[in-house]
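Colleague: The task is simple: from the sequences and hints, build the whole structure.
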Amino acid sequence: MNLFADIRTLVISALDALVSDGTLPEGLDYANVTVEPPRDAAHGDMATNAAMVLAKPAKMKPRDIAEALAAKLTADDRITSADVAGPGFLNMALGGDAWTGILQAVLTQPAFGKSTMGQGLRVNVEYVSTNPTGPIHVGHTRGAVFGDALASLLAYAGYDVTREYYINDGGSQVDTLARSVYLRYLEAHGVDIAFPEGTYPGDYLIPLGEELKDKVGDGYVDQGEDVWLADIRTFATDAMMDLIRADLALLGVEQDVFFSEKSLYGTGRIEEAIASLDAKGLIYEGVLEAPKGKTPDDWEPREQTLFKSTAHGDDVDRAIKKSDGSWTYFAPDIAYHYDKIERGYDLLIDVFGRDHGGYVKRMNAAVAALSDGKTPLDIKLIAIVKLLQNGQEFKMSKRAGTFVTAADMVELVGRDAIRFIMLTRKNDAPLDFDVEVVKQTNNDNPVYYVQYAHARVCSVIQKAEAAGMDMSDAALAAAARLDHEADVTVAKKLAEWPRLVEIAARTNEPHRIAFYLSELTARFNTRYSMGRDSDAMKFLQEGNTSESQAKIALIRAVAVVLSAGLGILGVTAPQEMR
RNA sequence: GGACCGUUAGCUCAGCUGGAUAGAGCGCUGCCCUCCGAAGGCAGAGGCCAGAGGUUCGAAUCCUCUACGGUCCGCCA
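Mapping of the first sequence onto the working numbering: position 476 corresponds to residue 580, and the numbering continues sequentially without gaps.
Keep in mind that the hints were calculated from the coordinates and are not lab data. Errors might be hidden in some of the hints.
Mimicking BS3-like on lysine-lysine, the simulated pairs with C-alpha atoms at most 30 Å apart in a straight line are [said to hold, decoys possible]: (1) Lys543 <-> Lys530; (2) Lys426 <-> Lys412; (3) Lys543 <-> Lys176; (4) Lys484 <-> Lys218; (5) Lys530 <-> Lys426; (6) Lys478 <-> Lys465; (7) Lys366 <-> Lys319; (8) Lys478 <-> Lys425; (9) Lys366 <-> Lys425; (10) Lys484 <-> Lys543; (11) Lys176 <-> Lys163; (12) Lys642 <-> Lys596; (13) Lys465 <-> Lys366; (14) Lys366 <-> Lys384; (15) Lys319 <-> Lys384; (16) Lys426 <-> Lys484.
Fair warning: this is a prediction, and the values are worked out from it, not measured in the lab.
Modeller: This is the structure in structure tokens:
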């Protein structure tokens with residue numbers, strides 16, 4: 105249930121009633137009519153802008169519409185008052201039963217807040233998608249966590265979600281990987297090696313050299329690339345994907361589909377996708393102009409095969425073939441998205457690093473062209489993570505020499521902290537991640553703030569159960585009662601949860617969940633602290649089961665919602681954290 | 001030269017398809033533990049939402065321009 109949606113329905117039917125009795129003209133569009141929590145609680149529980157939105161089309165004064173609407177609404181027993189305010193807002197107050205009803209809904213419904221908004225539409229969320237050339241590091245971690253949480257959020261909001269990873273194993277960087285492994289292989293045979301510029305010197309390839317030695321003996325020593333490159337490439341990328349999957353597992357990130365770029369080559373898939381664009385008249389041979397203001401030194405005009413991305417909003421057309429006739433990296437990306445469209449998704453989401461921002465328009469153009477504008481693509485850009493230690497730049501890596509790996513970070517601060525902190529910023533805003541702050545167990549650290557609240561609730565319930573009280577959700581729901589204004593304040597926040605889920609899902613912004621959880625926790629803590637000053641405000645009333653149940657229903661409901669929200673973020677909701 | 005993103009309290013940042021007197025955490029000042037978990041709470045100070053125009057009943061939010069900051073810009077992915 106979503107109380108805001110319920111009341112909006114009520115407002116709409118009241119408007120309809122005003123239409124049928126002739127107060128309002130027919131044919132009004134209610135699309136912009138909203139019911140939302142007022143910014144100031146003193147204004148009531150809910151506010152609607154209906155009168156202001158409809159004033160112009162109805163050719164009436166906003167306040168006149170609001171007055172008429174108020175009269176209709178107060179007839180409903182849920183609405184205890186409806187007052188016109190400001191330029192034409194209608195502020196409504198709801199009876200106490202409405203908020204107790206929220207508690208009962210939380211405690212008895214399988215998943216309060218779970219939405220049917222997605223209507224089972226199929227969404228493909230592609231994230232991480234790093235080159236299979238090394239471990240996951242901090243730079244990738246944020247995108248991984250973001251994509252994972254977004255996928256969970258969309259699933260919670262009623263979408264049918266596929267989590268996907270695009271393995272960039274088709275380009276020259278996997279050749280570089282193979283050469284680097286070959287060097288480690290020689291090293292395993294006792295050869296002195298040096299890593300030329302552009303190869304990967306990280307320690308993580310040492311075991312692969314050993315493994316390769318065990319596998320092929322000295323068969324590749326003193327041999328040319330033509331002998332070993334293809335074999336080692338496959339061997340190395342497989343090993344790297346295992347490594348990456350293991351790193352992702354440490355972060356709690358799991359994906360359904362791992363799609364290989366290489367599988368697009370030599371199978372006609374790229375040609376097929378390009379032919380599809382060609383059939384729409386969007387492929388031609390041409391010469392691109394040099395970029396203005398920043399012409400490369402060795403610039404010379406060359407004829408290439410181009411995609412007319414400008415037909416779908418891009419700034420210039422884009423090359424899909426190099427001058428030597430081979431595909432550019434853009435071509436397999438087109439084919440990959442062609443594949444996703446063919447698989448029948450209703451919506452595509454790509455999670456890219458901020459440095460790929462220049463790639464957004466051409467990708468949108470490709471998807472628009474391939475799907476004839478039918479499949480929306482939302483590209484979420486992830487800004488950089490600045491890793492700090494007490495405000496200073498952080499430098500550490502045990503495994504790779506130059507970068508901090510995800511595995512290092514999990515060891516250092518834990519999965520929960522990484523995930524929560526990385527989701528406390530909007531995806532396209534830079535993030536300062538201070539490992540010292542994240543390790544703290546106090547108010548500086550929002551992860552513990554929220555988890556601690558959950559543990560506190562569990563502790564109270566445990567004590568009540570130890571005293572022999574029935575703490576089942578059914579019993580709590582039956583006894584639920586809001587005795588104090590502070591109780592109602594908490595319940596009102598709980599009522600916002602379903603609405604918040606839908607807003608977060610609609611905007612593809614999981615960080616809103618993290619902020620909501622902090623807000624709910626703050627209200628809970630305020631209420632909890634009242635028990636310090638007054639025994640009557642304690643939830644657990646010793647020797648009085650029904651009284652305890654009536655009060656604990658509220659905080660049990662808080663725990664349920666906290667747990668659901670943390671679950672979306674992929675963070676645990678601990679029973680205790682002493 | 002161009003594209004995209006950003007500019008909100010001392011600091012780090014939220015701010016819902018445009019809504020009422022702009023929020024949070026940290027920091028600062030002063031309080032609250034003979035315990036339902038102080039990993040918490042209460043109170044206070046702190047803002048011309050970068051600037052200028054425009055649209056609107058109504059703008060931090062939408063549009064235009066300017067300033068500053070970041071990312072990126074043919075055959076690397």
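Colleague: Does each hint hold? Answer for all of them.
Modeller: Tested hints:
1. The straight-line distance between the Cα atoms of Lys543 and Lys530 is roughly 22 Å, inside the 30 Å bound, and the hint therefore holds.
2. Distance restraint check for Lys426 and Lys412: the Cα-Cα separation of roughly 16 Å lies within the 30 Å cut-off, and the hinted pair is therefore satisfied.
3. Between the alpha carbons of Lys543 and Lys176 the distance comes to roughly 55 Å, so the proposed pair goes past 30 Å and is violated.
4. For a cut-off of 30 Å, the pair hint linking Lys484 to Lys218 stands: about 23 Å separates their Cα positions.
5. As the CA atoms of Lys530 and Lys426 are separated by approximately 37 Å, the hinted pair breaks the 30 Å bound.
6. A threshold of 30 Å between alpha carbons decides the hint, and for Lys478 with Lys465 the separation of about 17 Å falls inside it, so the pair holds.
7. At roughly 24 Å between alpha-carbon atoms, Lys366 and Lys319 fall within 30 Å of each other, so this suggested pair holds.
8. The hinted pair formed by Lys478 and Lys425 meets the criterion: a straight-line CA distance of about 26 Å does not exceed 30 Å.
9. Taken as a hint, the Lys366 and Lys425 pair is honoured in the structure, with Cα atoms around 16 Å apart against an allowance of 30 Å.
10. Restraint check for Lys484 and Lys543: satisfied, since their Cα atoms lie roughly 29 Å apart, inside the 30 Å limit.
11. A C-alpha spacing of about 20 Å is found between Lys176 and Lys163, which places the hinted pair at or below 30 Å, so the restraint holds.
12. For the hint pairing Lys642 with Lys596, the CA-to-CA distance comes to about 20 Å; that is within 30 Å, so the pair holds.
13. Restraint check for Lys465 and Lys366: satisfied, since their Cα atoms lie roughly 24 Å apart, inside the 30 Å limit.
14. Between the alpha carbons of Lys366 and Lys384 the distance comes to roughly 26 Å, so the proposed pair stays at or under 30 Å and holds.
15. The suggested pairing of Lys319 with Lys384 is violated, with an alpha-carbon distance near 50 Å, which exceeds 30 Å.
16. Only pairs whose Cα atoms come within 30 Å are accepted, and Lys426 paired with Lys484 is accepted, the gap being roughly 28 Å.
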